[in-house]
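Number of protein chains: 4
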Amino acid sequence: MMYNFKNDYAEGAHPLILDKLASSNFEQELGYGDDRFSEKAKQAIRAKIGQPDAPLYFVSGGTQANLLVISHLLRPHEAVISAKTGHIYANETGAIEATGHRVITVEPENGKVTATAVAAVIAAHQLRPHVVKPKMLYISNSTELGTIYRKDELIALHAACRQHGLLLFMDGARLGHALTATANDLSLAEIALHTDVFYIGGTKNGALLGEAIVFPTAQLATDFDYSLKQKGALLAKGRILGIQFLALFEDNLYFDLAKHANDRAQQIADSISACGFSFLTPPQTNQLFPILPKKLIEQLLANYAFYVWTEIDQAYAAVRIITSWATDATQVDNFCADIKELSKTLA
Amino acid sequence: MMYNFKNDYAEGAHPLILDKLASSNFEQELGYGDDRFSEKAKQAIRAKIGQPDAPLYFVSGGTQANLLVISHLLRPHEAVISAKTGHIYANETGAIEATGHRVITVEPENGKVTATAVAAVIAAHQLRPHVVKPKMLYISNSTELGTIYRKDELIALHAACRQHGLLLFMDGARLGHALTATANDLSLAEIALHTDVFYIGGTKNGALLGEAIVFPTAQLATDFDYSLKQKGALLAKGRILGIQFLALFEDNLYFDLAKHANDRAQQIADSISACGFSFLTPPQTNQLFPILPKKLIEQLLANYAFYVWTEIDQAYAAVRIITSWATDATQVDNFCADIKELSKTLA
Amino acid sequence: MMYNFKNDYAEGAHPLILDKLASSNFEQELGYGDDRFSEKAKQAIRAKIGQPDAPLYFVSGGTQANLLVISHLLRPHEAVISAKTGHIYANETGAIEATGHRVITVEPENGKVTATAVAAVIAAHQLRPHVVKPKMLYISNSTELGTIYRKDELIALHAACRQHGLLLFMDGARLGHALTATANDLSLAEIALHTDVFYIGGTKNGALLGEAIVFPTAQLATDFDYSLKQKGALLAKGRILGIQFLALFEDNLYFDLAKHANDRAQQIADSISACGFSFLTPPQTNQLFPILPKKLIEQLLANYAFYVWTEIDQAYAAVRIITSWATDATQVDNFCADIKELSKTLA
Amino acid sequence: MMYNFKNDYAEGAHPLILDKLASSNFEQELGYGDDRFSEKAKQAIRAKIGQPDAPLYFVSGGTQANLLVISHLLRPHEAVISAKTGHIYANETGAIEATGHRVITVEPENGKVTATAVAAVIAAHQLRPHVVKPKMLYISNSTELGTIYRKDELIALHAACRQHGLLLFMDGARLGHALTATANDLSLAEIALHTDVFYIGGTKNGALLGEAIVFPTAQLATDFDYSLKQKGALLAKGRILGIQFLALFEDNLYFDLAKHANDRAQQIADSISACGFSFLTPPQTNQLFPILPKKLIEQLLANYAFYVWTEIDQAYAAVRIITSWATDATQVDNFCADIKELSKTLA
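Residue numbers (our numbering), protein chains in the order written: chain V, 1 to 347; chain Y, 348 to 694; chain S, 695 to 1041; chain C, 1042 to 1388.
Think of the hints as simulated: they come from the structure by calculation, not from any bench.
Be aware that one or more of the hints could be misleading.
No farther apart than 25 Å at their CA atoms in a straight line, the calculated lysine to any residue pairs in the SDA-like style are these [stated by the list, open to error]:
1) C:Lys1300 with S:Ala716
2) V:Lys340 with V:Phe255
3) S:Lys700 with C:Tyr1073
4) Y:Lys482 with C:Leu1261
5) V:Lys20 with V:Met1
6) C:Lys1176 with Y:Thr569
7) V:Lys135 with S:Ala716
8) V:Lys259 with Y:Thr569
9) Y:Lys498 with Y:Ser534
10) Y:Lys395 with Y:Arg667
11) Y:Lys480 with C:Ala1259
Starting from the given sequences, assemble the full structure and let the hints guide the process.
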């Protein structure tokens, strides 16, 4: 078996989570998220956000979270703006359009949406009523290209949203990786201050499954419970989401796990840089997009699994390497050593 | 804490399932259901069905399974027929209508749809194109009222569907309880023979979550993978569904658990009958709807949790009592004893 | 050719409308409803309503009006209540469900929804979030069974809607016939006072096509122009709707035409009553549902076209007879004479 | 009043159409498109197409036709490809997405989609099931930029569609203008041979309203009547569409009217070319996009109404000038003279 750097969901869950599921197993709880574990998990997360009353809901996965939030908040003629590389446009089989809404795409910079791009969309949608009405900006942090939003960038986007009447929604499937990145200058509380709704991803950071949707703008959550049920997102045993998020947030586990992934990625990025190779986007979190000689890629693929992302030219391609909370230190050491060794023989 | 007879999802998962999740935890697997556990689980289920090639998909819950199957199979102007008490009409927040389709309701008999009712719907939808086109029949087995379809009933419905151009879809959220009921004369293989699509419920029979959707009419599954992703139902860690269904179906665990629930329910039903009380619908599986004196209900509610279902008259109401794979034998003994004792004092 | 009493859209338009279309034909106008005729027509209608600022939109037909209003005003989890005989449930091919919303039906009394039925729906939809949220009441005036709402009935429904947080939407495809009925005690202005949105039907009262949607609760119309365009309801030559409604409302033509239809229906109803026959619903407007001997029906169908509505018993059936602005007086005389004559021979 | 070159729907209908509406006005007809005029109109159109059995439906407008065809033919996970300038993407308020489907855009060449662009879309949508499934190609002829598809281009696109499993749908809101263009080498029959579905626009070529949807691939029309009704597109007085299309197609009126518009546009284009100005896209039909000095534009806008389309540079902008069946020859002469005169003074 080759070691897998393809994604951050190749293993099960962090053992503490499995332990908690087992130790609580025979306690009888109410269904549909009304259990005591979910309530405690919500309180733990709210405390970290600094908003003790923020509405908060647990769902199974990112696509589900995205379609729930967007379809709940937009009226039929309203649209959401996203980077072309945004998950809702590039990877979700038209899930948003299936709820009736256009995704308006913009060219990202390093995977990120800029306030300039948002303003251009607004300018291009003035011929009412023949055009959709942009009403929401969707961003991912960290982005689908591994980059993160800095505080000034988020504040600028938030201001642009306020100016243009847009809601700001942050996909945080990898929010832990963003917030524990070396380059990060945002806190969870600041995320909440500068978005209208966001979610905290569990699936890609040590849980079996689960994302926690937070509504810092509380009134937007009105009737969200109905939407959860209608879209098939309300688990009968909601406890299993509550228990996992309690394990992740009652102490600092969520951030520890993300930091582990980032550190392993940094080690790989450093090795690659040391060999003189560059990156498609700056290596900031647990997703790396190094540009490597095709020959080297071929050799690495004999022992490690990862995606070839895009061709750069005849000799080079960008690949995607992802680490996770579970990434094995020895395997990373081996991988780095192999890169170093193989790149020498190529020279 | 009162003992909970409100539903069959008050506890976590059967310990064998938790063990299997733990023991496999660090094996790296492909995401999105392409893992080896899911494949093995599918083979195990297909073997029990006797259809080695039947398309099979794992999803998180019943509402999700229902909206996926129905929206995948119906064209925009087509509708699904259901009992008024059917889960898709009574308990899913308009999930089916949210995908664009009408649910046409019929009055059930003991929770079951009859071929006569189906024929009446067809007769009432002739004024094309001013009416929706009925295209599917949805039934639940066991039903939302705890009853089961007998073989002759299912065959009659299947024939009616063939005659009227309807697909037959069986919601099997509690299929285990149906198939292990004393009165049952259907096998899993026969279910597959006499439906176009059905699912096997895990959530209400010992899994943390999960339903297995089976397409005996294989071509109906074309492109179903796209639907799964689009509706937010494709778990990144699909392994957690595969592992659970493998635990349930590699041996006979699924049926053993359902039988446990049915047996406990039978014990309660017998106690209630012995006290001279009757039932809203025949007690056949793990959901009981006894008609009890309101005074007795009040006294029982001091020590046990269950739903008061509907008022019968000034003195009596029907309640719903549900047992599960996890129902404690001692608690059932106590409950039966209490009923016996309290009903004496009422007399 | 048999004379046609099947519906009120068998002919083209009232000649004054055709004249106005012809005389204005070569005036250049702005498209999409921004023409001067539409503006004048809106002012004329608003003046009759007594609400000079009420938002008002012209669309092509009743199903379009219904789906536009309902999909514009409901959020995804919200539902609309209608009589089982209501047009949106019985005659529109699931148009409302196709926009994602359940139509909750109630048994009507003489085609009308009662406040008691509304309260029962609310009571049955308390198990949040597992049920849809009733948010609108849809009624038709005149109803699909030819009856009308009296002032006290409308006020009672309006109060029930306020109490239960429902919007009140009146389908006025035949509002002219309702308001000119002998039994009517409502004015157009009172309709506006006691509904949140309603429309005034042109198609069934002398126009080629067209319904005028009025929002007495003005803020509900926010962004309705987007909905019109998105649903394909915004005619490039909006002038043709404006011109027609101007012809109907600059004087009293709209009401004169409806009264003509009602008068001819009354004449037929009187003849039928004089022969000793009864009616399925009280004959109040231009739709009659007399209960006649099947033998008489058969004989009448040899010379006149109308629908057999429903069987009453072995000997009798209810039929539907509709008159219109264009119904020919001589044909009505003949029809009445034939009824009288033929019923004698039956006796 | 300034003379209006803004669009081709500023006037009413061709007088022959109004005459036919008036002369047939009191004939009683069946509703919902089952009238004799609609049947005759269909036969007349089918004769011109050379497909005597092609399913054919009349609807009110282009957006309605587009959303009907696309939502009828695509399954939920399927998407339609369109030029970025295509009407369904640029001008219809997300009408297609509102029915649940993504519009995948490509960069057009002179407003036209190329087979190369189609192949690139297919290549970019291979990561099943995480991406939508392209299933239809939408093109407009003439395009939104006034250009037309030549026979070889249409055949190439049709072949590309066959190769990639795509349906080919042609928006013919201005099909008359395309087919009577000097550069055109396609016949109506050839359009039918090389598309799966297309429509013939009446609204922009002399009718009050109306488009005729033709299904050369007949089985695609199965149940289309239901879709018409469900989407609010089935007019009660379907006769008014039938009468108009009969007037347009029983002789050659449809093509005569389009040729008139094209000829007037050609006259304007020649005048502009003679002044040494160029065009954004080649002037081929009744929509012109000349690139003019801003100063000249300003002066022309004092006497004529037309849209400024897009800025070219500091000194120049492209404008859109549209002629129609009703465009007045004297006004065109004046406009041409003014351009000539004013451009001299600018030099």
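Quick rundown of the hints versus the structure:
1. Restraint check for C:Lys1300 and S:Ala716: satisfied, since their Cα atoms lie roughly 23 Å apart, inside the 25 Å limit.
2. Proposed proximity of V:Lys340 and V:Phe255 is contradicted: the alpha carbons are some 30 Å apart, above 25 Å.
3. Annotation: proposed proximity of S:Lys700 to C:Tyr1073 holds, straight-line Cα distance about 13 Å (limit 25 Å).
4. A C-alpha spacing of about 18 Å is found between Y:Lys482 and C:Leu1261, which places the hinted pair at or below 25 Å, so the restraint holds.
5. Taken as a hint, the V:Lys20 and V:Met1 pair is broken in the structure, with Cα atoms around 30 Å apart against an allowance of 25 Å.
6. Of the pairs offered as hints, the one joining C:Lys1176 and Y:Thr569 holds, with about 14 Å between alpha carbons and a cut-off of 25 Å not exceeded.
7. Between V:Lys135 and S:Ala716 the alpha-carbon distance is near 43 Å, which puts this suggested pair outside the 25 Å criterion.
8. Taking the CA atoms of V:Lys259 and Y:Thr569, the gap is about 42 Å. The hint is violated against a cut of 25 Å.
9. For the suggested pair Y:Lys498 and Y:Ser534, the alpha carbons sit about 9 Å apart, so the restraint of at most 25 Å is met.
10. Under the criterion of a C-alpha separation no larger than 25 Å, the hint pairing Y:Lys395 with Y:Arg667 is inconsistent with the structure, at around 32 Å.
11. Only pairs whose Cα atoms come within 25 Å are accepted, and Y:Lys480 paired with C:Ala1259 is accepted, the gap being roughly 20 Å.
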